[in-house]
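There are 2 protein chains.
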Amino acid sequence: MAGGIGSRFWPLSKDDHPKQFIDVLGTGKSFIRATFERFIHDVPVENFLVVTNVKYKQLVLEHLPELREDQVLCEPMRRNTAPCIAYANYRIRARRGQASIVVTPADHLVTNEAEFMRVMRTGFDFLETPQGEDALLTIGIKPSRPETGYGYIQTDSNEEVGIPTEVKRVASFKEKPDLQTAKRYVEDGHYLWNSGIFLWTLQGILKAYQSHLPELTRLFDEGKEIFGTSQEWQFIHRQFPRCENISIDYGVMERAKLRYCIPADFGWSDIGTWGSLYEHVPHDANGNALRGNVTRVQTSRSIVNVEDGVQAIVQGLDGYLVAFRDKSLLVCRMEDEQRIKEWVDAQGKK
Amino acid sequence: MAGGIGSRFWPLSKDDHPKQFIDVLGTGKSFIRATFERFIHDVPVENFLVVTNVKYKQLVLEHLPELREDQVLCEPMRRNTAPCIAYANYRIRARRGQASIVVTPADHLVTNEAEFMRVMRTGFDFLETPQGEDALLTIGIKPSRPETGYGYIQTDSNEEVGIPTEVKRVASFKEKPDLQTAKRYVEDGHYLWNSGIFLWTLQGILKAYQSHLPELTRLFDEGKEIFGTSQEWQFIHRQFPRCENISIDYGVMERAKLRYCIPADFGWSDIGTWGSLYEHVPHDANGNALRGNVTRVQTSRSIVNVEDGVQAIVQGLDGYLVAFRDKSLLVCRMEDEQRIKEWVDAQGKK
Chain A
286 MAGGIGSRFW PLSKDDHPKQ FIDVLGTGKS FIRATFERFI HDVPVENFLV VTNVKYKQLV
346 LEHLPELRED QVLCEPMRRN TAPCIAYANY RIRARRGQAS IVVTPADHLV TNEAEFMRVM
406 RTGFDFLETP QGEDALLTIG IKPSRPETGY GYIQTDSNEE VGIPTEVKRV ASFKEKPDLQ
466 TAKRYVEDGH YLWNSGIFLW TLQGILKAYQ SHLPELTRLF DEGKEIFGTS QEWQFIHRQF
526 PRCENISIDY GVMERAKLRY CIPADFGWSD IGTWGSLYEH VPHDANGNAL RGNVTRVQTS
586 RSIVNVEDGV QAIVQGLDGY LVAFRDKSLL VCRMEDEQRI KEWVDAQGKK
Chain B
286 MAGGIGSRFW PLSKDDHPKQ FIDVLGTGKS FIRATFERFI HDVPVENFLV VTNVKYKQLV
346 LEHLPELRED QVLCEPMRRN TAPCIAYANY RIRARRGQAS IVVTPADHLV TNEAEFMRVM
406 RTGFDFLETP QGEDALLTIG IKPSRPETGY GYIQTDSNEE VGIPTEVKRV ASFKEKPDLQ
466 TAKRYVEDGH YLWNSGIFLW TLQGILKAYQ SHLPELTRLF DEGKEIFGTS QEWQFIHRQF
526 PRCENISIDY GVMERAKLRY CIPADFGWSD IGTWGSLYEH VPHDANGNAL RGNVTRVQTS
586 RSIVNVEDGV QAIVQGLDGY LVAFRDKSLL VCRMEDEQRI KEWVDAQGKK
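So the protein lines, in turn, are chains A and B. Using this note's numbering, you'd call the opening residue of the first sequence number 286 and step up by one each time. Using this note's numbering, you'd call the opening residue of the second sequence number 286 and step up by one each time.
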C-alpha cells in the first residue's frame, strides 16, 4: 500500500512526493524501496503488487524498477485501505486460484529485518494450518512506551489448541488512547501497537469482505472477468468513486471473528513524525541527526536534513528541525512539529 | 568602486556574487544599481566609470546595462583603493583635460537621496572655488551612536575664510575606536564617520598622488599614452601586480594637507553586517525583517531572507538570521553573525 500523501514531513514529503518515496533516514533507500527489499529474498518479484494513487505510478516504477508496469495498481482517488485491498484481492484472484497474502504499508521502518521475516514465515505457516486458512492475522508490536499516536490490539491470554503459541486471538482493537490509558495498556501486557501489517489467504479475506463489506464486494464482483485485462483501469476508474471510504480496520477487522495477532518485536516504527524519525536515526555527540552537507556550530538535539547539492550552516539551535528540499525551507522547534501541516496549509492560502 | 568581495553576508554574498550585486534590502535594486541611480540625474551616463575585479565585469554590465563595456575598468587582482582610484584618474585624464570627480563605494546605503545630492553639489561647488581646486574633500557622517565598526574623521572647529561654512578642515583620521573612545568622539561633536566618499578635481588628486604615492604615480605614468586605447588592459595586467596594496586613506588622505570634510546626514550606512542591515529595513509587528516568500510563526527580532522561488516556513525563532541563496542555507543567532566568515571558511575545509 503506497498511496498515502501527508505533509507532516514537509518539505521532504509533499503531495507530489509523499513519504513512501523519501529517504528520510539517509540510508540511501526510500521507504518503499526498503519495504520491497525486506521481502525480496522470500517473495518472487512477479508476486509483488503495489497499490498507489495513479499520480504516483511513475514514482513507484522509478523506485522499484524490477516491477512490470501492470504490477502497479492505480487508484483514481483516495478511498482508504478497504477498497485498496479489495482491488489487490481481485487482481490476485484473476491470476491465481489461491494465494497467501501479506499486506503492508510502504512507509514504515523495520530495523531488524531477519526477525521481521521470521515473523512473516511464522504467520504464513499458520495460514497453512486448518485453523489458519480463513484467519485474518495482524502483526502487533510489543509496546516500548505508552505511545498515544498508535492504535492498539488487545490480545487474548488464553492459548488455543492447534495453533502456534506465538499466534494469539485478538480480543479487540483500540483507537489511539490518551496517555493514562496508554500507560495502562503497556502495564497490562496484552496490548500491542497496531502495525497495519496483515496476513491472510485469498480465500479468507474474500470471505471476510463478503460478510462484512457486502456492498464493496458487489461493486468489485461486477468486474470479476475484467481484472487482469486491458479494461481493468477503465473499470476501476468508474467503480472506485462508488466505493465506501473505509479502512480495513473498521470495515473488516473490527467485525471479523477469526482474527489473530502475532506479537512481534522487530524494531518497528511508522515514522509518522519528525520526532519518531529522530528516535530512529544515529545522533552525533550533541544529539543531532544530520543529513546532507551540514556544518553545525553550538547546535544540539536537532534534526538538520538538506537535499543533495545544498550546503547548510546552522548555529545556536537546540531542539530544532531544519529541512530543505525542492525550494522549500522549514525551520521550527521540534516540539511544535505537529503544527507543520497547519503552517503549510496557511502558506498555501497566502 | 565595485571590486569588493566579502563573506559576511554569506550566503547572499559569495566570492562569485559579492555584496554590491545583491539586493539585500529587498528594494528590487542591488547596491551598485542604487549607487548608479543616486547620481544618474546629475551625471551624464557616459561619465560613469566602474572599477571592479575582472571577474565581476559581466555582473557590472548586467546591473548597469546603460554603460558601455569600456566604462568598466577591470583590476586583475585586489590592490586596495589607492591603485583602483589611480586607474580611474589616468583613464579620465586620457579622455578630458580636467574633471570634477566623486569617488564612492558601490555597496553602501543612502536613504535620503535628495540630501545626498545636495551635499554632492555643495562639494562640487567648493571644488570650483580657488580654495577648492586642489582640495581633497571627504564626506563625514554625523554619528548617531558610538559605532566601533567605522573609522572617524576629526574636523577642525575653526571656520576658514573663503570656504563655505558647511566645509570643514580635517584635523585627523582615526581608526576604528574602542567603545569608550567612540563615546568620547560622539560627545565631542567634531568627529564624523568616514564614509569613504571623496570629491576632488582631477588636477588635485593627481598632485596628491605625485606627492604622497610617487612610486604608484611612476607605474601609471609609464602607460600615460596607453589609457583609453586597446592596449590598456594589457598594460594594467602587467602593471597592477607591481602596485603597492594600499588604501586611499593611508596612502593619500592621512598624508595630505588640503583635506576637507563636509559633515552630512543623509541616512548612510555601509551595511557591513546583517545587524546593520536589520537596522535599516522595515520590520513587521514582531520586529522581523523578511524578504521573499516567508511564513513566520512565533518568530521575533529575526531576519529571514530567501531568494525568489523559495518558500520558507520559520517558527519559534527570536533574534535569528535565516538566509537561503544559491543552494546555501544559513541559520544562526544574529548576535553571533561576526563568526559567519569563520564558519564559511571551516566549511570550505571540510
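Just so you know, the hints here were simulated from the structure itself, not pulled from any lab data. Please note: incorrect hints may appear among the correct ones.
Note that the list lumps identical chains together, so a pair holds whenever it fits in one copy or between two copies.
To be verified - In silico lysine to any residue, SDA-like type, Cα no more than 20 angstroms apart, as pairs:
#: 1; residue 1: Lys-468; residue 2: Leu-334
#: 2; residue 1: Lys-427; residue 2: Lys-459
#: 3; residue 1: Lys-612; residue 2: Gln-596
#: 4; residue 1: Lys-468; residue 2: Gln-356
#: 5; residue 1: Lys-461; residue 2: Leu-491
#: 6; residue 1: Lys-509; residue 2: Glu-460
#: 7; residue 1: Lys-340; residue 2: Asp-355
#: 8; residue 1: Lys-626; residue 2: Gln-583
#: 9; residue 1: Lys-626; residue 2: Gln-600
#: 10; residue 1: Lys-299; residue 2: Thr-580
#: 11; residue 1: Lys-612; residue 2: Glu-507
#: 12; residue 1: Lys-340; residue 2: Ile-307
#: 13; residue 1: Lys-626; residue 2: Gln-596
#: 14; residue 1: Lys-427; residue 2: Gly-481
#: 15; residue 1: Lys-626; residue 2: Thr-580
#: 16; residue 1: Lys-459; residue 2: Gly-560
#: 17; residue 1: Lys-340; residue 2: Asn-397
#: 18; residue 1: Lys-468; residue 2: Asn-571
#: 19; residue 1: Lys-612; residue 2: Arg-469
#: 20; residue 1: Lys-461; residue 2: Ile-386
#: 21; residue 1: Lys-427; residue 2: Arg-380
#: 22; residue 1: Lys-542; residue 2: Lys-626
Outcome of the hint check:
1. Lys-468 <-> Leu-334: Cα proximity of Lys-468 and Leu-334: none, with 38 angstroms in one copy and 76 angstroms across.
2. Lys-427 <-> Lys-459: within (15 angstroms within a copy, 73 angstroms between copies)
3. Lys-612 <-> Gln-596: Result: close both inside a copy and across copies, 13 angstroms intra and 6 angstroms inter.
4. Lys-468 <-> Gln-356: neither (42 angstroms within a copy, 77 angstroms between copies)
5. Lys-461 <-> Leu-491: Neither: 28 angstroms inside a chain and 83 angstroms across chains, both beyond 20 angstroms.
6. Lys-509 <-> Glu-460: neither (34 angstroms within a copy, 89 angstroms between copies)
7. Lys-340 <-> Asp-355: within (15 angstroms within a copy, 55 angstroms between copies)
8. Lys-626 <-> Gln-583: between (29 angstroms within a copy, 16 angstroms between copies)
9. Lys-626 <-> Gln-600: Intra 26 angstroms, inter 13 angstroms, cutoff 20 angstroms: inter-copy only.
10. Lys-299 <-> Thr-580: between (26 angstroms within a copy, 17 angstroms between copies)
11. Lys-612 <-> Glu-507: neither (46 angstroms within a copy, 53 angstroms between copies)
12. Lys-340 <-> Ile-307: within (16 angstroms within a copy, 40 angstroms between copies)
13. Lys-626 <-> Gln-596: Result: close only across copies, 15 angstroms inter versus 26 angstroms intra.
14. Lys-427 <-> Gly-481: Within. Shortest intra-copy distance 14 angstroms satisfies the 20 angstroms Cα cut-off; inter-copy 71 angstroms does not.
15. Lys-626 <-> Thr-580: So Lys-626 and Thr-580 pass the 20 angstroms test across copies only (13 angstroms; inside, 28 angstroms).
16. Lys-459 <-> Gly-560: neither (23 angstroms within a copy, 54 angstroms between copies)
17. Lys-340 <-> Asn-397: Neither: 32 angstroms inside a chain and 55 angstroms across chains, both beyond 20 angstroms.
18. Lys-468 <-> Asn-571: The answer is neither: 30 angstroms in one copy and 41 angstroms across copies each exceed 20 angstroms.
19. Lys-612 <-> Arg-469: Neither: 45 angstroms inside a chain and 49 angstroms across chains, both beyond 20 angstroms.
20. Lys-461 <-> Ile-386: Classified as neither: same-chain Cα gap 27 angstroms, cross-chain 77 angstroms, threshold 20 angstroms.
21. Lys-427 <-> Arg-380: neither (36 angstroms within a copy, 87 angstroms between copies)
22. Lys-542 <-> Lys-626: Classified as neither: same-chain Cα gap 38 angstroms, cross-chain 67 angstroms, threshold 20 angstroms.
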